[in-house]
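> So the chains spell out like this:
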Amino acid sequence: MRLLRTLFVSVALFLAGGFVVYAATDRLQAFTTEAARRIAVRQHPVGVPSVTLETQSGAHIDVAGLRGKWLLIDFIYTRCPTYCVALGSEFAQLQDRLAAPLANGAVELVSISFDPAHDVPPELASYLQRARSRGVGWLAARPVGRDGLDQLERTFGITVIPDGLGGYTHNAAIHVVDPRGRLIEIVDSGQSAARLVLEHLDP
Amino acid sequence: MTARLRSVDVACSAALLFLVLLAPPVKRALEASMTAQMLLQIPLLVAVGVFIARLLPIRATRVIADWNYRGIGGLVLATMTSMFWMLPRTLDAAVTDPLVAVAKYASAPLLIGLPLALSWPRMGFIVRGVFLVECIATFFRLGWLYLISPDRLCNLYLLDDQQRLGQLLLLIGAALFVAIAWKLVWGRFDSLSGAPRKLTG
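Just so you know, the sequences run in chain order L and P. Residue numbers for the first sequence follow my numbering, so the first one is 1 and each next one is one higher. Residue numbers for the second sequence follow my numbering, so the first one is 1001 and each next one is one higher.
What the hints contain is simulated information worked out from the structure, not anything from laboratory work. Computed from a predicted model, the values in this text were never measured in an experiment. All C-beta atoms, glycine included, are put in the ideal place defined by N, C-alpha and C. Careful, some of the hints might be misleading.
[Stated by the list, open to error] Quick look at which bits of chain L chain P covers, simulated, 3 or more residues with Cβ under 8 Å:
1) 14-27
2) 31-44
3) 159-167
Put together the whole structure using the sequences plus the hints.
In structure tokens form, the structure reads like this:
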């Protein structure tokens, strides 16, 4: 009797536990927060909030106001020695790969700083220079005000932590925003970002 | 009388430990690193559950025992719950999402520590052996994964933290292995003393 009851309870607990893990990992697809945020935006694209940015030239623009073109957005801080340099050069290469749509304004590359206190327009400009920007279709910008930055980090799912060496570590990726102003995909490489945009531009 | 006093002590220890872990500065400090969250905070929460097991009235433990032959039911519950808190994304969420934090503070004591403490004395030699070997395997698997993964598995924690945790998990797995091997070679097997006497039962 005791054996049967235990068998019953064990099977029930095993199934319940299995179900919880299955549900908590998006059907065993996402074991990490990073994978989860990518699946989430693919399934439910999120609207980009209206946040004012100051660009490398000192101009003020609204992220939501960039509607009508494809945006490839990455998050950076200009003092970053590692990831952002890699992402920066990805963007420089994207300028070559997407030269035509960038020139006619169908696509825009945007690097947003999460260290606005340090990354004033001259710093942003020299970041673009160091990353060998070709000058066409790539904005570097900082959010104006802490609220704007918080809103962007929340919408895009960016987690920034101090790396203990005076810099930051963050989940680096390229965020694809469609012309309707919705974040629809998060990818690692410039290559996949370019492929995605080109597929949509000339199917 | 002494038994009653002792259970008051146990209750106080459990409550004190839980409150200390709940205190915002302690919580923040233990969650500041992946290593501390996995190797200190969660095990201490599990320990609270072990204390709670000693506070259950005898009648309650008897009823539970009727559904917990050789401690297997409790073992399944504790294993499934531990598995959930080993997912990298739940470690992140437990820090950033208050609801998940509540779930962690409730489930680690009540669904891991308590069932384990109620089950361990009922587990026979074989069940204990399987459980411990699976523990060692899990420490090795996770430790190896954390050590070799070039990517951060938690968005909240740094890569060197993850690698240090990996080393420690391998170390703990190895220590557990040595301890069990030691017991197998030189130990006395009295682990059945607390288990049901009738082996065929």
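> Now, for every hint given, state plainly whether the structure supports it.
Status of each hint after checking the structure:
{"no.": "1", "hint": "14-27", "result": "holds (count 8)"}
{"no.": "2", "hint": "31-44", "result": "holds (count 6)"}
{"no.": "3", "hint": "159-167", "result": "holds (count 4)"}
Consistency with the previously given hints is maintained throughout, with no hint failing.
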